[in-house]
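Those sequence lines, one after another, are chains C and P.
Okay, so the first sequence: first residue is 125 according to my numbering, each after it adds one.
Okay, so the second sequence: first residue is 79 according to my numbering, each after it adds one.
Please note: incorrect hints may appear among the correct ones.
As the list claims (entries may be wrong) - Far from chain P by the CB rule (all over 10 angstroms, computed), these chain C residues:
| hint | residue |
| --- | --- |
| 1 | PRO132 |
| 2 | LEU167 |
| 3 | LEU169 |
| 4 | LYS176 |
| 5 | GLU180 |
| 6 | SER196 |
| 7 | LEU212 |
| 8 | LEU214 |
| 9 | ARG224 |
| 10 | SER233 |
| 11 | ARG236 |
Unchecked claim - Straight line, CA to CA, 30 angstroms or less: simulated DSS-like cross-link-like pairs of lysine-lysine:
| hint | chain 1 | residue 1 | chain 2 | residue 2 |
| --- | --- | --- | --- | --- |
| 12 | P | LYS81 | C | LYS143 |
| 13 | C | LYS160 | P | LYS181 |
| 14 | P | LYS81 | C | LYS160 |
Treat the hints as calculated values from the structure; they're not laboratory data.
Using N, Cα and C, we set each Cβ at its ideal position, and we do this for glycine too.
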Amino acid sequence: ETGVTQTPRHLVMGMTNKKSLKCEQHLGHNAMYWYKQSAKKPLELMFVYNFKEQTENNSVPSRFSPECPNSSHLFLHLHTLQPEDSALYLCASSQEEAGRYYYGYTFGSGTRLTVV
Amino acid sequence: AQKITQTQPGMFVQEKEAVTLDCTYDTSDPSYGLFWYKQPSSGEMIFLIYQGSYDQQNATEGRYSLNFQKARKSANLVISASQLGDSAMYFCAMREANTNAGKSTFGDGTTLTVKP
Numbered sequence: 125e126t127g128v129t130q131t132p133r134h135l136v137m138g139m140t141n142k143k144s145l146k147c148e149q150h151l152g153h154n155a156m157y158w159y160k161q162s163a164k165k166p167l168e169l170m171f172v173y174n175f176k177e178q179t180e181n182n183s184v185p186s187r188f189s190p191e192c193p194n195s196s197h198l199f200l201h202l203h204t205l206q207p208e209d210s211a212l213y214l215c216a217s218s219q220e221e222a223g224r225y226y227y228g229y230t231f232g233s234g235t236r237l238t239v240v
Numbered sequence: 079a080q081k082i083t084q085t086q087p088g089m090f091v092q093e094k095e096a097v098t099l100d101c102t103y104d105t106s107d108p109s110y111g112l113f114w115y116k117q118p119s120s121g122e123m124i125f126l127i128y129q130g131s132y133d134q135q136n137a138t139e140g141r142y143s144l145n146f147q148k149a150r151k152s153a154n155l156v157i158s159a160s161q162l163g164d165s166a167m168y169f170c171a172m173r174e175a176n177t178n179a180g181k182s183t184f185g186d187g188t189t190l191t192v193k194p
């Protein structure tokens, strides 16, 4: 496989469930991201991982728990979510170098999450 | 203050005609990059084009060109010879050199509809 792969593509979960979103990149990039895209809000950065270390947590509620076991894999663990957490969750990766700002992201296809 | 502003929530264009999608940005960092992404209804964000703050010439990638006016802080995307497959949401984004590695700011997006 190539690029950034996200699974599952669609997920319906109850508010008491625990589930995980998975992201895998095959590009050799050293940074990975989780973004949330709701219908009525712009893209919201949730977490940034650089060389497996979390460098950004954008005031995300603790019911979202990221995990980055290596530079190719990124998980988002979900528990006791609320209906307003229903959204498209996008994973992205990029190759980062200090002081460089000209690298764009490669995105996955997203996981469309519905909380019932 | 919003760093990326896309003032056109929706745009329509006739097939084979050109269309301009607006983007203005705000930054005090002299080193930054501007990006455009396309998001079809499938959800995946696709990188289209990049412009660096020090680039002297406007970026071009096939039918996409970026009209970069640094003094006005605008980075409009021009799509020439529109095709039905260009119907999608388009996001303008910015990366500043002096921010956390990898962090990008996105605009609210413009939905483009190409009419046959």
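Right, here's what the structure says about each hint:
The non-interface label for PRO132(C) is consistent with chain P: the shortest C-beta to C-beta separation is roughly 13 angstroms, beyond 10 angstroms. A cut-off of 10 angstroms between C-beta atoms contradicts the statement that LEU167(C) is not in contact with chain P; the least separation is 4 angstroms. Its closest Cβ contact with chain P, about 7 angstroms, brings LEU169(C) to no more than 10 angstroms, contrary to its assignment away from the interface. Every C-beta of chain P lies more than 10 angstroms from that of LYS176(C), the closest at about 13 angstroms, which supports listing it as non-interface.
With a closest Cβ-Cβ approach of about 5 angstroms to chain P, GLU180(C) is found to fall inside the 10 angstroms limit, against its non-interface label. The beta carbon of SER196(C) sits about 16 angstroms from the closest Cβ of chain P, which is more than 10 angstroms, so the claim that it is off the interface holds. Here LEU212(C) does not stay apart from chain P, with its beta-carbon only about 6 angstroms from theirs, under the 10 angstroms limit. Its beta-carbon lying about 6 angstroms from the closest one in chain P, LEU214(C) breaks the requirement of being farther than 10 angstroms from that chain.
The beta carbon of ARG224(C) sits about 8 angstroms from the closest Cβ of chain P, which is not more than 10 angstroms, so the claim that it is off the interface is violated. For SER233(C), the shortest C-beta to C-beta distance to chain P comes to about 4 angstroms, within the 10 angstroms cut-off, and the non-interface label is violated. Distance check for ARG236(C) against chain P: the nearest CB is about 7 angstroms away, which does not clear 10 angstroms, and the non-interface claim fails. Restraint check for LYS81(P) and LYS143(C): the C-alpha separation of about 34 angstroms exceeds 30 angstroms, so the hint is violated.
A hinted pair counts as satisfied when its Cα atoms are at most 30 angstroms apart, and LYS160(C) with LYS181(P) qualifies at roughly 14 angstroms. Between LYS81(P) and LYS160(C) the alpha-carbon distance is near 18 angstroms, which keeps this suggested pair within the 30 angstroms criterion.
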